[in-house]
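All chains should be built: construct the whole structure from the sequences, respecting the hints.
Numbering follows the numbering used here, in which position 122 of the sequence shown is assigned residue number 122; successive positions increment by one, without gaps.
Please keep in mind that the hints were generated in silico from the structure rather than gathered at the bench.
Virtual Cβ for every residue (Gly too), placed ideally from N, Cα, C.
Treat the hints with care, as some may be off.
[What the hints assert, rightly or not] So the derived label-pair ranges between C-beta atoms look like this:
hint : residue 1 : residue 2 : range
1    : Leu-117   : Leu-62    : 30 to 40 Å
2    : Lys-104   : Ile-55    : 24 to 34 Å
3    : Asp-60    : Gly-39    : 14 to 24 Å
4    : Asp-124   : Ile-22    : 47 to 57 Å
5    : Phe-41    : Asn-127   : 15 to 25 Å
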Amino acid sequence: MKLYKCKSAIFNIVINCNRVVIPYIKDLDVNLKRIFKNGNFDCVFSVRNKLNCIISLGKDVLMKSINMGVVYKINCVNCDACYIGQTKRQLGKRINEHKVDIRKHEGCRSVVSEHRLVNDHDFDWQNTFILHHESHRRKREVAEMYYIKSHTDTINIQRDTESFPVVYESVLNRI
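Structure below.
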């Protein structure tokens, strides 16, 4: 049973009244309403099973590869190294770019391709983790910096985190 104080807006006069909200019980509702009315209470009945228990308004889960505006993490299959990146485009297209980047000439390759070539390792392309969703570019870049700083085994070039605010360094070290 819940008691509420309510205000009436009739002629801008504030009237205190007591309202009781109780679960609806068939054949008892009329008697309960009469009893509460005699005690100067306004009785309101609530339904126990509401439609939101039956109908869900959730959206369908997107396939990981078509997510956009994400910070992601790719783990190396052969060691504890990982790469953390961000993209505004579809994640699957960005992952594919990482895969084919190994074909580029030396000096033009990404850190992922260099790790693959130098160590003869490969990355777990199928199990890429989405760490954060963010549609705004700058916020996504800050989130990427945070995740790079918070993971110790990243192969990311630390230039990626040069613009990370120094104020947050001490907070990050405590996590």
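* Asked: Which hint numbers does the structure go against, in order from smallest to largest?
  -> Violated: hints 2, 3, 5.
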